[in-house]
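Please model the complete structure; the sequences and the hints are all you need to start from.
Listed below, chain by chain, are the residues.
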Amino acid sequence: MSVNTSAAAIPPPLDPEQRRRQARQVRLGRLDLKASPYLYVAPFFVLFAVFGFFPLIYTGWVSMRDWGLIKGDQGFVGFENFAEVLADANFWNAMFNTFGIFIVSTVPQLLLALMLANWLNRKLRFRTALRMGILLPNITSVAAVGIVFGFIFADRYGLANWILQSLSLDPVSWRGSRFASWTAISFMVDWRWTGYNSLIYLAAMQAIPRDLYESASLDGASPARQFWQITVPLIQPTILFTVIISTIGGMQLFTEPLMFNYGAAGSGSGLENFQTIAMYIYSTTFENNFKYGVGSAMSWLLFMLIILFALINFLMVRRSLKGSDK
Amino acid sequence: MTALSTRPPRNSAAAPKPARRRRPGAKLWEASPLTYVALIIAVLLAIFPIAWSFIVASRDNSSVYKIPPPLVPGGEFLDNTQRLLANDQAHFLIGLANSIFVSGVVTVSVVLFSTLAGFAFAKLRFRGANVLLLIIIVTMMIPTQLGYIPLYILMIKLGWLGSLQAVIVPFLVKGFGVFMMRQYASSAVPDELIEAARMDGCSTWRIYWNVVLPTLRPAAAVLGLLTFMETWNEFLWPYLVLDGDTPTIQYSLKILATGNYTTDYVQVFTGTALAIVPLLLVFLAFGRQIIGGIMEGSVKA
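Residue numbers (my numbering), protein chains in the order written: chain A, 14 to 339; chain B, 18 to 318.
By construction, these hints were calculated from the structure, which means they are not laboratory data. Where a beta carbon is used, it is the ideal one built from N, C-alpha and C, also for glycine. There's no promise every hint is true.
Label-pair distances were calculated between CB atoms; the ranges are [as the list claims (entries may be wrong)]:
| hint | chain 1 | residue 1 | chain 2 | residue 2 | range |
| --- | --- | --- | --- | --- | --- |
| 1 | A | 70 | B | 213 | 41 to 51 Å |
| 2 | A | 245 | B | 294 | 34 to 44 Å |
| 3 | B | 85 | A | 192 | 20 to 30 Å |
| 4 | A | 97 | B | 227 | 58 to 68 Å |
| 5 | B | 301 | A | 43 | 46 to 56 Å |
Here are a few chain A residues that sit away from chain B, every Cβ distance over 10 Å (derived from the structure) [to be verified]:
| hint | residue |
| --- | --- |
| 6 | 36 |
| 7 | 89 |
| 8 | 90 |
| 9 | 113 |
| 10 | 190 |
| 11 | 280 |
| 12 | 282 |
| 13 | 296 |
| 14 | 325 |
Written as structure tokens, this is what we have:
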């Protein structure tokens with residue numbers, strides 16, 4: 014680059030010591046270039062291999078062994094644990110509850126989040142304050158808020174029943190029926206996640222070019238029609254993203270129902286109404302009998318299920334996207 | 018994940034238009050009073066359980082079941098706090114200190130390793146980079162809970178049950194963090210800057226430390242905040258592997274809520290309120306950045 018090359022191009026003569034040092038520097042430099050990238054990504058892969066990947070594979074291995082805390086590892090049993098799980102009525106009950114709560118919580122949650130995002134996507138005063146207010150539940154811990162909601166959904170003297178009664182409705186036994194307990198738990202889940210999802214939708218909505226709406230308005234499309242025919246189709250990939258995230262979270266739901274059950278995973282009155290699969294895995298593996306093998310088998314089944322659902326979601330939305338392209 | 022990148026590009030040509038002429042469809046973007054009412058109701062619903070726990074925490078035991086719920090704080094807060102700290106089952110202060118330590122270490126580590134790896138993936142050329150990045154994206158999809166049983170067995174074998182490294186070491190790296198830093202670094206750090214630093218004879222580490230890290234600071238801060246909050250709120254794993262006398266804050270709350278003294282409900286509320294305070298402060302100070310991070314992350318992911 015430099016114009017005045019005459020002076021710079023001719024290096025001063027080097028003595029052997031200097032030359033050796035320079036050569037070493039070049040070698041070091043080359044080594045630095047070659048090795049550094051691997052060195053920088055290595056911590057992730059080493060730690061993940063030990064604490065992420067290995068446990069996942071190990072779960073599969075443990076699931077085929079008769080293994081408990083007290084009796085120890087009693088050896089390979091093939092798919093016996095899986096057979097035991099599939100024949101277990103409590104497992105299917107927990108499965109049913111998990112799905113029920115997932116549907117009851119996710120559908121209203123995402124619809125509400127869409128509405129909130131649509132409102133937030135306008136010219137607003139106090140924009141940051143409103144966004145922060147809506148996100149606030151997401152930063153609190155499930156354990157802390159679960160305790161508070163436990164009081165809100167107490168059968169006697171609970172706030173929820175007080176509101177129902179002041180609307181001259183009958184008080185509800187919140188842990189006494191499937192639907193009541195599902196509703197209460199869904200309320201906790203939605204309270205925490207609706208704001209988060211609405212911000213994600215908002216981000217996607219802001220990326221939609223506004224002239225699309227302008228031309229739709231010129232054609233006389235109502236705001237509601239614009240929302241369903243422009244906004245929703247265009248943010249569909251984001252909706253897919255939130256559905257997948259909600260599925261992964263919903264299938265593993267644990268702390269909310271645990272706190273709703275006053276901190277117990279395996280016992281309590283009315284537990285059969287809302288014991289989730291994660292609670293059942295927990296109580297099988299870490300309470301009662303400490304059956305590691307059976308618990309691992311359930312974990313694997315749950316894992317398969319989550320992957321299956323993510324895949325179905327993905328294919329469904331992709332197909333509908335293709336359909337709308339035509 | 019890749020499907021999300023198909024979002025339409027922002028159309029900048031639409032922006033400059035005469036302000037006088039009312040744009041067709043402009044009404045859609047104006048917030049009616051009804052919009053404000055709806056949003057304010059949503060915010061109130063969001064705030065209520067938290068505000069309620071703070072109000073109850075400052076009153077005496079009768080206020081837990083007071084109906085309608087009390088809306089003003091009382092003067093019992095210090096008294097309740099004293100009882101909470103004197104509770105020899107919950108170990109609240111130990112839990113608080115442990116959580117600060119654990120969340121701090123995990124946050125520093127996640128930010129350090131994520132920026133390092135993100136820098137490598139975004140700006141350094143090496144064999145296998147694409148495959149390795151793909152692996153990281155796949156790891157983001159794996160729910161961590163699934164590995165808890167073998168991880169628990171591993172903790173037994175390592176003899177880590179009941180000690181803090183059990184809740185720190187497995188969480189020192191995060192696929193999401195690497196991915197986020199990689200995305201940010203590829204757009205925020207100009208290649209010329211790195212080339213220039215190389216010309217000046219900087220080693221790769223010097224480039225990372227003096228050039229890349231300062232540029233990544235805003236995104237790294239968001240990653241740090243999110244990681245800190247997530248670790249602070251972690252419940253299941255600490256509850257599994259720690260003992261009741263060296264809990265994290267969430268575990269301590271669980272003991273408080275289900276312990277032997279469950280008639281003192283105000284004490285439980287005081288605990289929940291105090292456990293939320295640190296995060297609330299973080300949120301008030303950096304809320305804008307956290308929101309920005311969540312929204313950016315979702316578009317880029």
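Going through the hints against the structure:
1. 70/A with 213/B: 41 to 51 Å: With Cβ atoms ~45 Å apart, the hint holds.
2. 245/A with 294/B: 34 to 44 Å: 39 Å, holds
3. 85/B with 192/A: 20 to 30 Å: With a Cβ separation near 26 Å, residue 85/B and residue 192/A satisfy 20 to 30 Å, so the hint holds.
4. 97/A with 227/B: 58 to 68 Å: 59 Å, holds
5. 301/B with 43/A: 46 to 56 Å: 50 Å, holds
6. 36: 15 Å, holds
7. 89: 16 Å, holds
8. 90: Residue 90/A is indeed farther than 10 Å from all Cβ atoms of chain B, at 16 Å.
9. 113: Residue 113/A is indeed farther than 10 Å from all Cβ atoms of chain B, at 20 Å.
10. 190: Consistent with the label, residue 190/A stays out of reach of chain B, its closest Cβ about 23 Å off (over 10 Å).
11. 280: 12 Å, holds
12. 282: 15 Å, holds
13. 296: With a cut-off of 10 Å, residue 296/A remains clear of chain B, as the shortest Cβ separation is near 12 Å.
14. 325: 15 Å, holds
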